[in-house]
Amino acid sequence: KNEVEQSPQNLTAQEGEFITINCSYSVGISALHWLQQHPGGGIVSLFMLSSGKKKHGRLIATINIQEKHSSLHITASHPRDSAVYICAVRYSGAGSYQLTFGKGTKLSVIP
Amino acid sequence: DGGITQSPKYLFRKEGQNVTLSCEQNLNHDAMYWYRQDPGQGLRLIYYSQIVNDFQKGDIAEGYSVSREKKESFPLTVTSAQKNPTAFYLCASRDRANEKLFFGSGTQLSVL
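As given, the protein sequences belong to chains D and P, one line each in that order. Taking the numbering used here, the leading residue of the first sequence gets 1, the next gets one more, and so forth. Taking the numbering used here, the leading residue of the second sequence gets 1, the next gets one more, and so forth.
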C-alpha cells in the first residue's frame, strides 16, 4: 500500500522561529498538496505542487521528485499558524484524482 | 462568497438509524468528495463524484450511500450498516482548472 509519512508528528515552536514540516511518499506522484486544518476542523488548501518550489507570504513549499520528499516551511512563525498541516499526494496512475493523505503534523506556536 | 457548506456541524445517531449529512457548493465544481477523519489517522475517501448523476465508491464506502442529483449538492447518508460511524466527516470539491481543493467545515457524527 502506498503511504505518505509526515514528520514530526507534533511540533512546538516559539513565535518568530523558522519551521519545517516534512512529507515523504513511496512511489511516483503526479501532484502533492499541502493543507492546513484549523482547530475547528475546517481545511484550507495551501499549495499544490508537481515540481520545484512555491511561495505564498510566509509559507514556502518545496518538492524533490527524485528523493520523493516535500517540505513546508513557515518563516517568522506566529501563534495564528497553530494548526494541523496535512500532506496529500496523487499517485501517478491514480484514477479520478484520488489522494492519499498523511496523518498530519500538529504545530503549536507559543507567544 | 463562494464555498462549501456542510450541515449540521454536530450530529448524533441512534442505533439502527440512518442519518444524512448535507454538502452544498456554489463554486460550480464538477468533482466532489466525501472523506472520513478519525483521530490520529489520515483522511480516507468514502465516495466521490465527477459529474452530476454519477458517483464512485472510495476506499471505505461500506455502510454509506450518496446521491448527486444536482451539481451543487452531494449528500452523504450514514446507514445503520455502518457499525462504527463516530468520526469527523469532510466534504470537498476540486477546481479542475488548477486542481485546487476546497473543503467544508466538517460534521462531527457521534453515536448515542
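I should point out that these hints are in silico values taken from the structure, not numbers from a laboratory. Watch out, some of these pointers could steer you wrong.
Once the Cα atoms are required to be at most 25 angstroms apart in a straight line, the calculated DMTMM-like pairs of lysine to aspartate or glutamate come out as [unchecked claim]:
1. D:Lys53 / D:Glu3
2. D:Lys103 / P:Asp95
3. P:Lys71 / P:Glu15
4. D:Lys103 / P:Asp38
5. D:Lys55 / P:Asp95
6. P:Lys57 / D:Glu15
7. D:Lys55 / P:Glu99
8. D:Lys53 / P:Asp38
Computed far set for chain P versus chain D, every beta-carbon distance over 12 angstroms [to be verified]:
9. Lys14
10. Gln41
11. Asn53
12. Pro75
13. Lys100
For clarity, every value in this text was computed on a predicted model and none was experimentally measured. All C-beta atoms, glycine included, are put in the ideal place defined by N, C-alpha and C.
Worksheet entry | Hints violated by the structure (numbers, ascending) | Going through the list in order, the structure violates hints 3, 6, 8, 10, 13 and respects the others.
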